[in-house]
Structure formats: structure tokens, C-alpha cells
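Mind docking chain X on chain S? Use the hints.
Top line first, the protein sequences correspond to chains S and X. Heads up, the first sequence is in the working numbering, so the first residue is 1 and it goes up one at a time. Heads up, the second sequence is in the working numbering, so the first residue is 1 and it goes up one at a time.
Per the computed footprint, the stretches of chain X lying under chain S, defined by three or more beta-carbons under 8 Å from a beta-carbon of chain S, are:
hint	segment
1	28–41
2	90–97
Stretches of chain X that chain S covers, calculated by requiring three or more beta carbons in the stretch to come under 8 Å of a beta carbon on chain S:
hint	segment
3	18–25
4	58–67
Simulated from the structure, these hints should not be mistaken for laboratory data. C-beta atoms are modelled at their ideal positions from N, C-alpha and C, and glycine is treated no differently.
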Amino acid sequence: MDEIEQVLGLYISESRELLDEMELLLLNLENEQDKAESLNAIFRAAHTIKGSAGIFSLDEVVHFTHGVESLLDKMRDGKIVSNSELTSLLLDCKDHISLLIDNVEHKTGLTEHDLLNGNALLQTLLIVVKQEGTDGPKVQAKDNTQLTTTQAVERENSPKVKSDNWHISVRYHPDSFRFGMDPLAILRYLATLGDIESITSLFPNLPSASEMDPETCYLGYEINFKSQANKLDIEGAFDFIRDDSQVHILPPCSRVSDFIALIESLPEQDIQLGEILVQSGSLTPNELEYALSLQRQLKSQSIEVPLGTIVVNNGLTPQPVLESAIAKQNQIRDGKTKEIQSVRVDADKLDQLINLVGELVIAGAGSSLHAHSSGDRILIESFSMLTRLVEEVRDAALQLRMVQIGATFTRFQRVVRDVAKELGKDIELVITGAETELDKTVVEKISDPLMHLIRNSMDHGIEAPDVRIEKQKDPKGRLTLNAYHDSGMIVIEVSDDGAGLNYEKILKKAQEKGLIPEGESLDVHEVNNLIFEPGFSTADAVTNLSGRGVGMDVVKRNITALRGTVEVQSILGQGAIFSIRLPLTLAIIDGFLVEIEKSSFVIPLNMVLECVELNEGNSDISPSSQQSYINLRGEVLPFIRLRRLFNLGGRPPKRENVIVISYLGNKVGLAVDKLVGEFQTVIKPLGNIFSHIQGISGSTVLGSGEVALILDVPNLVQKILTTESAKALYSQA
Amino acid sequence: MLTFTQTDQGGLAHIEGPMTIHNATELKSQFIGALSASQHLELNLAAVTEIDAAGLQLLIMAKQHQIHIQHELTLINHSEAVLEAFEIMGLVSWFNDPVIITRQ
Chain S
1 MDEIEQVLGL YISESRELLD EMELLLLNLE NEQDKAESLN AIFRAAHTIK
51 GSAGIFSLDE VVHFTHGVES LLDKMRDGKI VSNSELTSLL LDCKDHISLL
101 IDNVEHKTGL TEHDLLNGNA LLQTLLIVVK QEGTDGPKVQ AKDNTQLTTT
151 QAVERENSPK VKSDNWHISV RYHPDSFRFG MDPLAILRYL ATLGDIESIT
201 SLFPNLPSAS EMDPETCYLG YEINFKSQAN KLDIEGAFDF IRDDSQVHIL
251 PPCSRVSDFI ALIESLPEQD IQLGEILVQS GSLTPNELEY ALSLQRQLKS
301 QSIEVPLGTI VVNNGLTPQP VLESAIAKQN QIRDGKTKEI QSVRVDADKL
351 DQLINLVGEL VIAGAGSSLH AHSSGDRILI ESFSMLTRLV EEVRDAALQL
401 RMVQIGATFT RFQRVVRDVA KELGKDIELV ITGAETELDK TVVEKISDPL
451 MHLIRNSMDH GIEAPDVRIE KQKDPKGRLT LNAYHDSGMI VIEVSDDGAG
501 LNYEKILKKA QEKGLIPEGE SLDVHEVNNL IFEPGFSTAD AVTNLSGRGV
551 GMDVVKRNIT ALRGTVEVQS ILGQGAIFSI RLPLTLAIID GFLVEIEKSS
601 FVIPLNMVLE CVELNEGNSD ISPSSQQSYI NLRGEVLPFI RLRRLFNLGG
651 RPPKRENVIV ISYLGNKVGL AVDKLVGEFQ TVIKPLGNIF SHIQGISGST
701 VLGSGEVALI LDVPNLVQKI LTTESAKALY SQA
Chain X
1 MLTFTQTDQG GLAHIEGPMT IHNATELKSQ FIGALSASQH LELNLAAVTE
51 IDAAGLQLLI MAKQHQIHIQ HELTLINHSE AVLEAFEIMG LVSWFNDPVI
101 ITRQ
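In isolation and in its complexed conformation, chain S is listed as follows (with noise of 0.2 Å):
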């Protein structure tokens, strides 16, 4: 059972790509100026979840599946012509199909409510198919044979076999078995789309009892086969198979010059194959006799002709089901190469490996100060070599959870689909910067205050059409997603072209809420980042507010967790940018450690920018002032004494160093005791008792195995930067 269930899994992983690249391209086939490809390329995904899904008598979905290949395959013929009612429905189609496989999956049935749901969606399907056209596309097809023909066969004119069913040839790929494929279960699924008339089983290559290995498949059969099925339809029994195997299937009346290709390209010998032909039915004899002499003939021309030519050539396969075969072969091909270029690894794992790593950094770091005060220089030259390697091991490391951002974002499409169908608006989702990476764990947290963003921007930001084109804008709003790197962060927006934030209404509300005390003049920017405030989300402020601010707090929250910032900037009427900020990784950055007292500190590296000594001449500098200036080349320095802000008592050495760091273009000072240097950091969150501490983002271990505290810089900056606030804070300390 274990193989079957991995086949399985293998299926059902395949077919929720297969159902996400489905979803992708329905979103977009509006946008499409030919949507000729995007539809061939939806129809095949269906088509290949039916397919597999016969194979595994998972008849719910290829019953489905099935109604939905239908009106596919009416638009693809032109018949229907796609609108967005369609794609809605397609849309909705797609999600059952999604739920029918995670019952599946879970071996659970639907609920009454889905059941329901599913048969209304397969009704509407049925008519929609119904009134649109008539059925059999394959009928059609035939209508247009004589299309052109190769020389070759022009030259010979092959008549066509008088047999009226269909012709299927297989071998099987000596593996199938371990594969986890019953021949039995594909004929069974078979006989579903039709009567199997005559089977001759092949087994030419069994080899004796002694030699033959019983997990080897060595079967094929030849089957006359009749069927109103289409040709799609029986290749879909198949369509697992028939990459390793060889799977032959001629239509109806088809030429004998096919039947030739089929002879000459099965393994067995001429003769055998073709009195299994004509027992079968498919042939009579003195076809037989006719195709035999005209291989020969052809044979002795050295003229070969590839099976694909002959077939489309004459017309008999509608060249649709020749390119849809030619692209599910390439979209194997390619998942091979994919398969063999990636490995798929447990999470946990590669979290274990990450934490392993962390703790290498850790006791590199401390063996290093060992050598270094051991002062033997080839001791600590060799450590420098290994805190080299352990350093590219650990970028290595973080590197295998870098995912890109775009799938994130792709998943978007639906939901602003969604929401603006529902709200009555029309807005586009444009995406850029998809490419941009990160961790992994930051992706998977980052998604839910990203939708709520989004939803907030749908919601309030972007007006109704009507009142767009009132303000002479584009009645189509436009909601737009953004990300890049910035000095070892990554920065994701969400902007939108609608009527930006209120800044009157916004302030009116926060004085009445008591959030900023009367006469405190704040700036546009402060007061729209007002809406991050806990106090904005009651449901009061939803309705005298334009109801920006419904849940920011938690949005705000969600990102302060991953170690984040959010910021909102809004130009009234134009619309707002939302701006998250985050750390490339939760495990390991590059510190830059400093000492106050007996304390040690730990600044992330990416946010310094330089260190100078503390002068006596600067101005503005007395150790007993809360905050200080100093003069940096002619610039003004805001600085504060991490000594006094955390308490640390003691008296400052003679000599103090500034660390100028720099946090969204604003530069500031810390001035601490002493610096001792770049460190590799690993961080460890901080218990929930410490979680209201602010400055302080994190923790990490020292080499020495002593406690050092990693500095919040962007909490930092904005507390010296608001004078207000840091005095708070210095009460606090």
C-alpha cells in the first residue's frame, strides 16, 4: 500500500500545482490578448488532473473534472467565447476541484453543503456547454481532415481501414510496477469511456521462471476499442503512463500507412503483431497484407517518417491533440529536470540544521576569544580560518531557506478578484519586484498582515468607479505590490491610487480618543501612522473614520513580531503606500558588539555607519544631560548615553565612542563604554515577561557563554528622534 499512497501523494501534490498555475492564468485570461495559449494551457492542467484521477478510480474527480474539460474545451474551439462570468465560474470550478482533491487526500467525503455546491456548479457547466454549441469537437475535426499530406504518403495514397473502432497499443515501461501502475486499473478505467471489444495480451519478453524478476512489468496489450469517447479522452486513461511506456492510439478509419507506423515501431516482430492486429478487428487481412507491402516499400525508399508527421498529416488527429501531447511531454521533461535539480527536505530538518549552525557560530565565537587571549598566533590563525568557513557555512545555511517572494504575492491575484467583485469595484493587482528573496518563515508570517493591507487598500483606499471618474481618475483602481532589499532588510509595499488617509479626520479622532494630548502639533506623517494605534480599531472608529485603521493595531503587531516596522505614507487623494520593513532572516545576522560597564550590547550590523570618539570640545555633551549634540563634520548628531537610558549606573570611562547608526535615512548616536568589534549573532527571542521592554529586540550568547542584548534600532531611533517620547523613556529607566 505504501507505494500506492506515495503515487498518490505524488498526485495530489501535482494536481494542486496543476490547480494554482490553473488559477494563475484564469485571473489573467481577461487581461490576454491571445488567449488561445492560456486556455490550451487550462485545459491541459484539467485535463491532466482527469486524467490521473481515472487511474486511481477517484471517480468524484473526473467526473468533475470532466464537466469543467467540456466547456474548456468549447472555448478553446472558439465556440464560447470567455467572459468574466465565465472565469468566475471556471474560478469557482477550480476550487472544488482543489476540495474534492484534499478529500482525497485526507479520505474524507464532502459535506452536504459542497456536495450541493458541486452538483449546482456541474449543472451550470452542463448548460452553459448546452446552449452555447454542440457537442464533439472531435466530429468537427474529422470534418476538416483532408488537410495536407507528406509526400510520402500522398505518393502511396493509403486507403483507410475499414475498422470503425479504435486501435490502442501499449507496452509497459519494465518499472510501471514499482511506479505504483496497475495495467489492470487503466483498462478498468477504460472500459468506462467504452467497450472493450477484443484484447490480446503481449508478454514477448517474459524471460524464463529462473531469470524473471516479479517486480519487472513485462506486459502490453492490443485493444480494439469502441468508443464515442474522444481522442483526448482516451489518452487522458493513459496520460500517467505514457511518458516511460508506449502507448500507440489510433482512431477510427484510420490509415493503413498508421497502422504501418504502429507495426514498425513496437518491438515485436512484423508478422506477430499484425495477425494480432487482425484478430483483434482492427484489420483485416488483406490490409494487413496491403500495409505489410507498402512498409516494405517505403522501407526500401529508406523514407521514415515520424509517427507525429504521419498522423497530423492526414488529417486524423486534430493538430490540437498533437500539440497538447507535445506540451505535457515537454512539461514532464521539465519536471524531470526540475526533480533532479531539487530535493525536497523536511522544514523541521532544515530548521535543525539552521539552530546547529547557530550554535557552531556561537562556539566558533567562543573559541576564537580563547585563542585570542591565549595570544599564539597560529592558534588564531587557523581560528580565522575556521570563522571563515563557519561564516559561509552560514550563509549557505540561511541561503536554503531564501524563498522569492512572488508565489507570496501571485496568491493575491484571487483575493483582489475576490474583493473587488464584492465590494463593486474594478481594481488591477500589479506585481513587481516578485523576484526579491527571503526567508521562508518570513514569508509564511508575513502573509496575513499583508492581506489584511491589501484588503484595508480595497476597502478604503480605492473609491467605487463612479467616484473615481467624478475626480477624473482611471475608473479601474490599481493596487500595486512591491518588494526589494534595502540595506539587509527587505521592504514590502502596498500602495494604492485611491483617496489616501484623512489627515483631518484622522487627527480629530486620535484627540478624542485622548492618543495625542490637545495642543501637540504632530506632522502629517505621525498622525497617518496614527492608524497603527490600538485605539483606531474599535468599530466606532470604522464608522466616523473612513475606516482606515480597522485592525492595524494587529497588522502592526503581527510585523513588530517578526522584528518588522510598518509606515504609512498618503497623499490626500492620491492614494497611500504601506511600508514593511523586515529582517531578511530570524536566525543569524552580523552584530557589531559593544560594551557599557559589564554589560555587552549587540547593534545589527547593517544599521551602522560609523563609530567616532566622544570629545570633549564637541558641544553639548555633559554626561548628566538626557540627550545630547554632537557636532558630526558640521552636522548635527542627536546621541543618548545607552548608560543612562538602561540604568546601568557606574561612572563612563574617560574616553566614550559614538556608534552612528542609521535607521530610514535618520542618523543617530549611541554612546557606550567601549567597542569590541564585529560579531556573528545568533538571535534568540526574548520570553514574553521581556516582550513590553522596549529598545531591546532580542538576545543572544556570547562565545564567553555571558548574556548579550541586541539592540531594537528602529525603536531607538524613533525614541531619540521624538524628544517627547524620550523623556518617557527615561522615566521609565
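Here is chain X on its own, set in the frame of chain S:
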């Protein structure tokens, strides 16, 4: 699971349970023993609960082997599962054993 008993008339073998890819290797080794042991072997398939193409392939191998070494192999009492598989694969006449068609 194959059990083999030698009688005066020849060998009698019973297969019980599934004949699938999962026990094909095990069954094959049991087959080899039974096949060479007697001139005339009767194989009782009444207790075969499940059979797939790999199982069918084993039966084909057994039959071909017996023909090759000029022994006789008769399949008897085909279970429902076996019969259905034989029919699908068009193997009833190939084995040419008396079968009881129970379905219409």
C-alpha cells in the same frame, strides 16, 4: 501465501490472500519450488482475494515455465477477483483452463 501438497496424482497448490506487486517476490519463490516438484500441478485459486497485473504476470510465468519443461499446470476454482482480471486482460483463452463463468 502458497501452500503445496504432494499427492499420488500430482501436486496440489493453494494460493491464499492477495497476489499483488506487494507479495510478488515472495510468491514467485514459492512458485518455483512447487512448479518443479511435480509433473502435474493443480493450482487452486479459490482463496485469491485480490490480484493485480503483477499477480497475473506470475501466473503467466508459471504456465509458460511448465510448458517449457513439459510439465502440466492446471488452474482451478478461479476466485471472482482472478476471473475478473483474466477477462479484462483477455487471458481466459490463453490459459485455457476450465472456468466457471458466474456472471452474465
